Amino acid sequence: MLAVLALVSACVEADTDRGKGRDRGAQAGERAPSSKAATSPRIPSGTDLPGSSVAVDFARDGSGFALLAECGKTRCRQRVAVLDKGSDAWRLGRSPLADVTVEHGITATLRVLEPGRALITEGVWPPPDRTWFTSDGGRHWRQGFARPSGTTPVLPEGVPLFEDCTRMDQEGNNCAHARVLTVLPATGEFRVLATQPPLKPPIIPAGQIKDLVFASGRDPRSGRVALAVSEDGGRSWRLSRPKGTGESVWALRVTGTGKVLYAAEPGELPDEENVKNGLLALHRSTDGGGTWERVWEHRKGVDPRSLLGPPIAAADGSLTIHGEDGVWRSTDGGRSFARHGNSGGMSGWVTTTGLGYLWGDSFGAGSWRLSTDGVHWTRFELGKGT
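The working numbering runs 93 ahead of the 1-based position in the sequence shown.
Hints are supplied without guarantee of correctness; some may be wrong.
Distance windows between CB atoms, simulated [stated by the list, open to error]:
hint : residue 1 : residue 2 : range
1    : Gly316    : Glu264    : 39 to 47 angstroms
2    : Pro291    : Cys258    : 12 to 20 angstroms
3    : Ser180    : Glu386    : 38 to 46 angstroms
4    : Glu340    : Glu250    : 42 to 50 angstroms
5    : Val195    : Arg428    : 40 to 48 angstroms
6    : Ser180    : Pro221    : 30 to 38 angstroms
7    : His233    : Asp141    : 22 to 30 angstroms
8    : Glu163    : Gly351    : 38 to 46 angstroms
9    : Gly437    : Pro249    : 27 to 35 angstroms
Listed next, the in silico DSS-like pairs over lysine-lysine satisfying Cα-Cα at most 27 angstroms (straight line) [to be verified]:
hint : residue 1 : residue 2
10   : Lys336    : Lys352
11   : Lys178    : Lys477
12   : Lys393    : Lys352
13   : Lys393    : Lys166
14   : Lys178    : Lys166
15   : Lys393    : Lys293
16   : Lys336    : Lys303
17   : Lys393    : Lys336
18   : Lys352    : Lys303
19   : Lys369    : Lys393
20   : Lys293    : Lys336
21   : Lys178    : Lys303
These are computed hints drawn from the structure, not numbers from a lab.
None of the values given here were measured: they were computed from a predicted structure.
Even glycine gets a Cβ: it sits at the ideal position worked out from N, Cα and C.
Sequences are here, hints too, so could you generate the full structure?
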């Protein structure tokens, strides 16, 4: 299990609500946090749920789903928990997932598409991955596959981009051809976006902030890592080129509050062998990604040196980075950072949901935090931990 459960936790004293909370990462495109309220909604804990919580996702109305894994010495039973809108307790839904061996581990991922509608992707090899879709809050599931059937002209509202590598290179190490997909929330079926970002592979989702959708790939002219941005749900795209991206950049990841955007450069740090999830640079934009200012770049031994999930661009103008050596906060537009509180060591993984930022602890303890604005946080616990 335990790649999913193995990233994270230094206590981050950003919580204003002493309920129970956490944030975590995911494979598909990042969604912009909701700006509905200044204070995050209360999420009930579920410490009576069996096993450990592996993945959590929420819809905009506060309902959500969670994947749980109850592992013995040799096998893990995979379960699904559901939080209905307005409910004060999680309930166990029907799980479509079979038991797996501990050696094989937990490979399933979860995405909430709309209230009561979720998609589980099993993550098998060889592809295509098998999927399971529910439209009734986890009471029934329909089997499908991650292989797309047809195209769609536009992203459904609230549904992220997904990546799809259609061909590997001759060595089998890198993607030679890629495209972006989405999912129809009514059926759980994958569709290829009819108009693809004007980038060379690897093309991956890079973030969604309000009406802006970003994809990361290679500039067709320079070969450097660049962005494509759509303002109309993927119907059309324009190139967006942060300056100075190097060969060791894996991709770009965009986050922001709407007015101010940040593009992070995760990649390999050549002079920091003990850092696995390196952070090379940060770019800042105030015009929707039309132009970028390179505000921060890596220097040996200077933190933050790593990035676990997207940076948190908060409503108070701060920028927070969770890394392998603690939590780092900037109050000057990403130009300088200071250690946040008493954080140290693996600080937890961040992702975004339809409801807001989500943080998850690094060691499978079942601790989560949720924030709609990056400032106020709600804590909750799910499962019994590992």
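Handout entry: Violated hints - listed by number, lowest first
Key = Those not satisfied are hints 1, 4, 9, 12, 13, 14, 15.
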